[in-house]
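K.L.:
All chains should be built: construct the whole structure from the sequences, respecting the hints.
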Amino acid sequence: MHEFSICEGIVKAAQEELGRMNPRPKALRRARVVVGRLHAIVPDNMEMAYEVLTRDTPIAGSKLELEFVPITAKCRACGWEGGIEPPVFLCGSCLSGDIEVLTGRELYLSNLEVEQDGDE
Amino acid sequence: MATSNIRVYRDLMGENEKWAAKTREFLAARQLTMLNLIGSPGSGKTTLLAALVREAGASGNFSVLEGDVETTHDAERIAALGIPVSQLLTNGACHLEAKLVHYALKDLAVKDRGTVVVENVGNLVCPAEFDIGEHAKVAVLSVTEGEDKPLKYPLLFRECKAVVLTKTDLLPHLRFDLAQCREYIRQVHSSVPVFEVSAVSGAGVRELLHWVQNVNKG
Numbered sequence: 001m002h003e004f005s006i007c008e009g010i011v012k013a014a015q016e017e018l019g020r021m022n023p024r025p026k027a028l029r030r031a032r033v034v035v036g037r038l039h040a041i042v043p044d045n046m047e048m049a050y051e052v053l054t055r056d057t058p059i060a061g062s063k064l065e066l067e068f069v070p071i072t073a074k075c076r077a078c079g080w081e082g083g084i085e086p087p088v089f090l091c092g093s094c095l096s097g098d099i100e101v102l103t104g105r106e107l108y109l110s111n112l113e114v115e116q117d118g119d120e
Numbered sequence: 001m002a003t004s005n006i007r008v009y010r011d012l013m014g015e016n017e018k019w020a021a022k023t024r025e026f027l028a029a030r031q032l033t034m035l036n037l038i039g040s041p042g043s044g045k046t047t048l049l050a051a052l053v054r055e056a057g058a059s060g061n062f063s064v065l066e067g068d069v070e071t072t073h074d075a076e077r078i079a080a081l082g083i084p085v086s087q088l089l090t091n092g093a094c095h096l097e098a099k100l101v102h103y104a105l106k107d108l109a110v111k112d113r114g115t116v117v118v119e120n121v122g123n124l125v126c127p128a129e130f131d132i133g134e135h136a137k138v139a140v141l142s143v144t145e146g147e148d149k150p151l152k153y154p155l156l157f158r159e160c161k162a163v164v165l166t167k168t169d170l171l172p173h174l175r176f177d178l179a180q181c182r183e184y185i186r187q188v189h190s191s192v193p194v195f196e197v198s199a200v201s202g203a204g205v206r207e208l209l210h211w212v213q214n215v216n217k218g
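Residue numbers (the numbering used here), protein chains in the order written: chain H, 1 to 120; chain G, 1 to 218.
These aren't lab readings, by the way, just hints derived from the structure by calculation. Treat the hints with care, as some may be off.
[Unchecked claim] Cross-link-like lysine-lysine pairs, in silico, DSSO-like; alpha carbons within 30 Å at most: (1) H/Lys74 with G/Lys217; (2) G/Lys99 with G/Lys22; (3) G/Lys18 with G/Lys161; (4) G/Lys161 with H/Lys74.
[As the list claims (entries may be wrong)] A short list of chain G residues far from chain H (calculated; beta carbon distances all over 10 Å): (5) Asp107; (6) Ala128; (7) Gly204; (8) Asn214.
Everything numeric in this text was worked out from a predicted model, so none of it was measured. Each residue gets a CB set at the ideal place from its N, CA and C atoms; glycine is no exception.
P.N.:
Set out below in structure tokens:
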């Protein structure tokens with residue numbers, strides 16, 4: 001259940017980012033987090049953690065949206081570049097294990113969808 | 001009511017990473033090496049650690065941080081070897097995070113140029129996600145588990161800088177397929193060194209100690 005630890009960071013970061021916005025938004029609707037597939041993150045666990053950790057905070061009621069990034073790699077032996085299907089981390093062409101992982105390690109808050117008092 | 005979508009970029013491991021960086025500074029200033037032992041409950045992490053400490057003898061300069069959910073049993077076992085040890089109790093959490101390790105490390109009576117071994121909470125999933133400032137994560141897998149564990153828990157076997165197969169003295173009594181296990185490790189992480197160790201017979205302990213003592217050199 002490391003999702004709770006990671007989610008604590010999301011809740012804190014989202015509130016700090018909201019506090020920094022001028023004019024200050026009325027409410028947060030959605031927080032989008034980009035997650036590389038190398039992280040063992042279970043969406044249901046994350047969503048439950050988010051709901052629990054946002055209770056009684058100014059961002060209660062907002063939704064967490066996860067955007068997953070596939071694992072890709074480049075082969076140092078033959079130059080192949082492509083997707084990796086865990087758990088096997090071998091070149092998709094020559095089966096060498098000498099690969100450099102290019103994407104899949106991401107873990108960041110990317111977007112906040114906020115409600116603002118509009119003139120329209 | 002208008003809604004707008006605002007782009008932000010906030011690394012979510014930032015807080016943990018900040019403490020891990022402080023630990024790396026501390027380790028560098030004291031010329032210490034730190035390892036993060038990760039394996040299932042009962043994989044033999046504490047017994048392996050005791051075997052390494054005994055093999056190294058008085059010149060070993062080891063100290064230990066024991067991570068557990070409850071009890072000080074493991075720290076008591078290590079303290080009996082006469083080396084500095086602290087017990088970190090997570091009170092339910094399934095892994096150690098960098099901040100707790102940092103404070104515990106600063107309170108530990110380490111000697112300069114020594115080796116600090118952090119025994120993480122028994123778990124193959126969560127500890128692999130967290131950088132605690134170590135030089136190397138070491139995956140501990142006992143031959144009484146399944147040979148396919150590297151495929152089932154790829155993040156740990158991908159992140160670690162060595163794999164230790166423990167309890168090898170039991171191999172004659174088991175159906176554990178050692179060659180298949182090594183092949184699975186290769187598929188997940190082709191370049192990682194694999195050590196076959198028995199803390200009971202002492203087989204492989206010296207080779208592992210040699211790796212431990214050189215992990216931070218070059």
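K.L.:
Hints first: check each against the structure and report whether it holds.
P.N.:
Now for the hints, and whether the structure bears them out:
1. As the CA atoms of H/Lys74 and G/Lys217 are separated by approximately 28 Å, the hinted pair is consistent with the 30 Å bound.
2. Using a Cα cut-off of 30 Å, the hinted pair G/Lys99 and G/Lys22 holds, with the two alpha carbons roughly 9 Å apart.
3. Restraint check: the Cα-Cα separation between G/Lys18 and G/Lys161 comes to about 22 Å, which is no more than 30 Å; the hinted pair holds.
4. Taking the CA atoms of G/Lys161 and H/Lys74, the gap is about 20 Å. The hint holds against a cut of 30 Å.
5. Non-interface status of G/Asp107 relative to chain H is upheld: no Cβ of that chain comes within 10 Å, the nearest being about 23 Å off.
6. With a minimum CB-CB distance of about 8 Å to chain H, G/Ala128 fails to clear the 10 Å threshold, and the non-interface call is violated.
7. With a least beta-carbon separation of about 23 Å from chain H, G/Gly204 lies farther than 10 Å from that chain, consistent with its non-interface assignment.
8. For G/Asn214, the condition that its CB be more than 10 Å from all CB atoms of chain H holds, with the nearest at approximately 22 Å.
The structure does not agree with numbered hint 6 stated previously, though it agrees with all others.
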